[in-house]
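*Asks:* Sequence:
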Amino acid sequence: MSLPLWIWVLPVAGTHDTARLSQLALLLLLAVTAIRSPAPPARSWEFWIAVAWGLAACAAAAKPTVAVRECVLLFGLVFLAGRVAQLPSPQRLQILRALVVVGLAHSTIFCINLVAVATLDGSIDPFQLVFGFDNPRHLNHTQTVLVPLALWVATRDDEPRWRLAGMASAALSLVVASFLMGRATMLALTLALVAAALLWRRAAWPYLRPAIACMTFGIGVGFAFLVMFGADLPGEVAQTGSWEARLQLWRAAIADASQSLFGVGPMHFSRVPRGDAAHPHSAYLQVAAEFGWPAAAALCGGVVWGLAALARRVSQVANLAAQRLGIACFVTLAAVSMDALLSGNLVMPVPQVWVFVAIGLAWGWHRDTQPGGRAEVPGGPWDAAVVSALVVGLAALCMASAWEFSQTDVQLIESQWRSQTAHSEFSPRFWRNGWF
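Under numbering that gives the first Met the number 0, read the sequence shown as residues 0 to 435, first letter to last.
If you're looking for bench data, these hints aren't it; they were derived computationally from the structure. The reader is advised that the hints may include incorrect statements.
Beta-carbon label-pair distances, calculated as ranges [stated by the list, open to error]:
#1 273 / 9: 50 to 60 Å
#2 254 / 201: 45 to 55 Å
#3 402 / 31: 18 to 28 Å
#4 247 / 97: 31 to 41 Å
#5 366 / 97: 12 to 22 Å
Predicted model, so just to flag it, every value in this text is computed and none were measured. Glycine is no exception: its CB is placed at the ideal position from the N, C-alpha and C atoms.
Given these sequences and hints, build the entire structure.
*Replies:* Right under this line is the structure:
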């Protein structure tokens with residue numbers, strides 16, 4: 000989760016590819032250590048339907064060996080969420096604190112650079128200040144996760160220094176998001192907070208009060224810096240170029256989804272170059288394009304069902320501290336779900352890890368607060384078989400990705416991309432910033 004900071008400090012060959020290899024190594028390590036320990040139960044019929052549908056989509060794809068890579072990664076991320084959910088509550092608190100530290104460190108360095116440029120130079124492309132990510136939007140996707148969880152640390156942590164760190168992390172992250180015009184992130188966070196206010200009213204106020212203060216501070220300071228750099232705020236907010244590009248990608252995704260029951264296959268949306276993106280900038284349409292409309296409908300239904308279950312549990316919990324953490328988890332996942340409508344927040348490695356860790360935190364909270372206490376389900380032979388299969392798949396994926404990472408000249412401009420991929424157009428998401 001702190002990888003963007005290390006990428007900034009250490010000399011690496013490529014930001015995205017380094018993050019992807021690190022992510023795969025993390026998932027493989029988690030799977031290996033889980034073979035002999037209780038694993039997330041793999042006995043639900045929903046799990047096996049998802050596995051069967053994913054394998055069928057891979058088999059129906061033009062290049063099954065490419066498609067299966069995406070499925071292995073997705074199941075690895077679900078496994079990550081399950082492992083986080085299994086952690087005891089004190090260890091999940093340490094994860095929350097780690098999120099706060101990483102967010103505070105990154106946003107502080109960004110703001111120091113921003114002030115230095117404004118003071119000494121006064122002219123720079125704001126995107127040039129982004130470090131640890133290939134694109135500022137990838138940073139915004141992590142902020143969608145960070146801000147709601149940091150606000151819980153700011154209001155409920157037992158230690159004053161952590162409450163202060165949580166408030167600073169949330170406020171400075173919102174300054175950065177506003178300065179970078181992370182419109183989808185800001186909109187998703189705002190709508191999620193409004194939903195919490197409507198659902199729990201006075202019970203949510205202790206959480207919403209610092210959230211409103213941080214949002215006001217972040218937007219005010221971020222926009223002030225934009226004005227200082229000569230930005231036309233009304234023009235920036237109303238800028239339609241990105242929406243026109245999104246509409247083209249969405250139309251392409253809908254066309255792909257209509258080709259068959261299983262779409263065009265996992266990772267096959269990018270089988271041909273499509274403008275500036277190798278994904279549709281909508282997680283739901285990406286699932287429709289690559290797994291078919293039934294899979295997209297199941298995803299949408301699962302999101303609604305999960306958020307509704309989380310909201311019901313928040314309303315049932317009597318303990319105020321536990322209730323406030325539940326509100327933070329709800330706001331986080333609601334914001335992530337709305338962000339996914341308009342962006343590719345489930346495509347890049349670092350945002351993927353942050354999102355699935357957040358899912359694991361909410362999942363663990365839901366298990367902790369169930370009536371009668373947390374029920375531990377012992378692992379069985381099916382669990383061991385599933386984890387062993389995941390280990391084999393992730394090991395193969397790590398080796399293939401390491402080989403691709405070692406290849407030279409992966410930073411291609413679009414004209415080179417089109418000519419050099421003429422005979423390998425089904426290669427895994429080969430983008431101008433590297434391999435997806």
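*Asks:* The structure should be examined with respect to each hint, and the outcome stated for every one.
*Replies:* Do the hints match the structure? See the list:
1. 273 / 9: 50 to 60 Å: violated, 33 Å
2. 254 / 201: 45 to 55 Å: holds, 48 Å
3. 402 / 31: 18 to 28 Å: holds, 21 Å
4. 247 / 97: 31 to 41 Å: Roughly 39 Å apart at Cβ, these two residues keep to the hinted range, so it holds.
5. 366 / 97: 12 to 22 Å: holds, 21 Å
In the structure shown, a violation is registered for the earlier hint numbered 1 alone.
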